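Chemist: The chain contents come next:
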Amino acid sequence: MVPAFMILLAFLVQSSESAIRKSSDVSGLTTFAFHYLDHSGLIDADLARRAGGSLATDVDKAKEDVKTGKIRTLIVYPSDVARSKIQIFENNVGLVADQKSTALARQLLQMSVARTVDSPQILKSLTASVEVDRAGYRNGVPDLGLAAVAVPMLFLFLYFTMTIFLGNQIIGGFAEEREQKIREVLFVDVTASSVFLARMVATTVLGALQLAIMVIPIVVAYFAIGPSLGLPLPAFSTWVLDSSKMLVGFGTLLLGVAMMIAVHAAVGAKIKSVREGSAFATLFIIAMFSPSYILGVISENPGSIAVQTMTYFPLTAPSTLLFRNALGNISLVELVISTTIVVITTVVTTLAAVRVYRGGQALPRKAPKS
Amino acid sequence: MALVKVRELSKHYGSVTGIEGIQFNIDAGESMAIVGPNGSGKTTLVRCLLGLVEASEGIVHIAGNSYQPGDPTRIGYLPEDRGHFQRDRVIDVLRLFGTLRGLDSRAADGQAHEYLEEMGLGSLAFRPIQALSNGQQQKVHLGITFMGDPDLLVLDEPTRGFDPVNKAFFNKYVAERTSRGVTLILVTHQMQEVDDLTERILFLDDGAQHYLGTVHDAKRDLGEIRTEFTFLGDLPSLINDWPLELQGRGRAALIHRDGEDRMPERLLSDLMNAGVRVTGFQTRSSTLDEVFVHTYGESMQAEDEISR
Chain G
80 MVPAFMILLA FLVQSSESAI RKSSDVSGLT TFAFHYLDHS GLIDADLARR AGGSLATDVD
140 KAKEDVKTGK IRTLIVYPSD VARSKIQIFE NNVGLVADQK STALARQLLQ MSVARTVDSP
200 QILKSLTASV EVDRAGYRNG VPDLGLAAVA VPMLFLFLYF TMTIFLGNQI IGGFAEEREQ
260 KIREVLFVDV TASSVFLARM VATTVLGALQ LAIMVIPIVV AYFAIGPSLG LPLPAFSTWV
320 LDSSKMLVGF GTLLLGVAMM IAVHAAVGAK IKSVREGSAF ATLFIIAMFS PSYILGVISE
380 NPGSIAVQTM TYFPLTAPST LLFRNALGNI SLVELVISTT IVVITTVVTT LAAVRVYRGG
440 QALPRKAPKS
Chain C
253 MALVKVRELS KHYGSVTGIE GIQFNIDAGE SMAIVGPNGS GKTTLVRCLL GLVEASEGIV
313 HIAGNSYQPG DPTRIGYLPE DRGHFQRDRV IDVLRLFGTL RGLDSRAADG QAHEYLEEMG
373 LGSLAFRPIQ ALSNGQQQKV HLGITFMGDP DLLVLDEPTR GFDPVNKAFF NKYVAERTSR
433 GVTLILVTHQ MQEVDDLTER ILFLDDGAQH YLGTVHDAKR DLGEIRTEFT FLGDLPSLIN
493 DWPLELQGRG RAALIHRDGE DRMPERLLSD LMNAGVRVTG FQTRSSTLDE VFVHTYGESM
553 QAEDEISR
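Line order of the protein sequences matches chains G and C. Note that the numbering used here has the first sequence beginning at 80, numbered continuously upward. Note that the numbering used here has the second sequence beginning at 253, numbered continuously upward.
One chain only, chain G, in its complex shape:
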């Protein structure tokens, strides 16, 4: 339902955007019906006409017509545009009407003046459209900036999205089972460990599937109709595909999601209600996002105590690793130690969670002490 709704919404937005774009001419000048008075003598009458403008002769009458609604917009250019303001009188219709006429008034003046300049160099300098070519270096090699971090950062984005989505599903599932008091009956037919692990795996798989069903149509729709909507699209051609960063990113994503699922499941095994669980989930999310708050320090001073702590603290390690992997400032030793901590945390948490989940249930074939 959600993807279908998003696609429908995108089409609606697209159709209304198309209607708006019809009010621009080929030169990029906003066009709509307006009246203007030019005391400066700078406005190109031909350009003004193409933009939908009509020259007014009597300013007082034109202002009165605006008030009564006969004229929608009146733009009055002062004799000295350097010292005085352009005046706009307008019969407001929509929320953005003011911005539209203001933009038009400025555009018309700029384009009219530009037509009078003969030198392309002066014109380009004045319109601030001179292009810049910058070369950056990091650690002695060319640094490609955002293009180099885009792909590794995708793993971070996936980590955040999957953890939030799956974490909520897992806690909700366990809490529901507890609230509905169905564990005892289940545990007579299936061991608690089996139920726990099956629930973890099933919820993860179903959650990932739900996430894919929601996200894929949106992504496809974005790329399919985004350009026609004027949405910014990533410059894929500039993206750098660094295999080592992608490998580390992918591995960290899997380990991080596994650990967060285990942590959420451990909480789910203990809590008595969804409400109780959501408090824990919020804590985990804060911990997960906390490296973002010190992103500046992570990028410029990875050896600082704060960054080192977050690199090795289990709940913050995956996102810190993913940030540092994207920025290219993590060493192999740090990577190995941190991922080892994440793996150990996952295993220990899962074992503890199973124990909590089964309560005092007797272990298989362990006869009571006699």
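Read the hints as simulated data drawn from the structure, not as lab findings. If you're wondering where the values come from, they're calculated on a predicted model, not measured in any experiment. All the pointers check out, no bait thrown in.
Derived SDA-like pairs: lysine to any residue, alpha-carbon spacing no greater than 20 Å straight-line:
{"no.": "1", "chain 1": "C", "residue 1": "LYS257", "chain 2": "C", "residue 2": "GLU282"}
{"no.": "2", "chain 1": "G", "residue 1": "LYS351", "chain 2": "C", "residue 2": "GLN338"}
{"no.": "3", "chain 1": "G", "residue 1": "LYS260", "chain 2": "C", "residue 2": "ARG412"}
{"no.": "4", "chain 1": "G", "residue 1": "LYS351", "chain 2": "C", "residue 2": "PHE337"}
{"no.": "5", "chain 1": "G", "residue 1": "LYS260", "chain 2": "C", "residue 2": "LEU348"}
Starting from the known structure of chain G, arrange chain C on it as the hints suggest.
Modeler: The following block gives chain C in isolation, referenced to the frame of chain G:
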């Protein structure tokens, strides 16, 4: 061979004793009730039997082993704290438990429909459980218990929430299964159910085994013999030597232990000799309700007073 074997079973929760030194056997096809006041350890005992909690000491064997899910002995357990997958459909939940107990999906489906028809819930099979009334949900829960034709039924207060008609129907349903050789462990406060459904009874008191025997023996050993009679006029003073309990005008009873020197015959003889016009005279054993009150009444009253 005993299907259920319990020896010196104890469960402690820290310094609190759940149960202590329980031991009994239940043969295959036998039925036994576990009774006792609230907090006497009934549910703890059942949980230890099924491996839901680990016993502190003792032996619990079902068909020769500590019970584990997946064992050949199939158990239908109705816990005291029962719940459902509220949003799932009735038929799906019944199927699930059928397959968990080894039925293939077609057999589970057939058995689930059969049960629902028998219980008058056929039309509700595809409704979510949360759309059902409490009584209907209770029947679904019992259905879960019976799915897969368990060899051993462990029912904790099975008729809680049932009206008398459904109680009678349920008792008949369980009795049919026990007559086919299904073993039954019944935990209840409904003494009539014990009388109707079980042969043996275990009385628990404060976690300890107070009495174990047949229902008949329990009435004899823990209860009393009540000789009740009705009469016209007044009782002569001569009869005052008898420890009679007057129960309103023209009604009296003699309460005594079984086998106490032919007391009913002697009482009737004395009444006749004293010229009392006896209009009715009967001797009967205590009901299980009376046995329960007789067994636990004093200690429960004492606890109430202490808690006040």
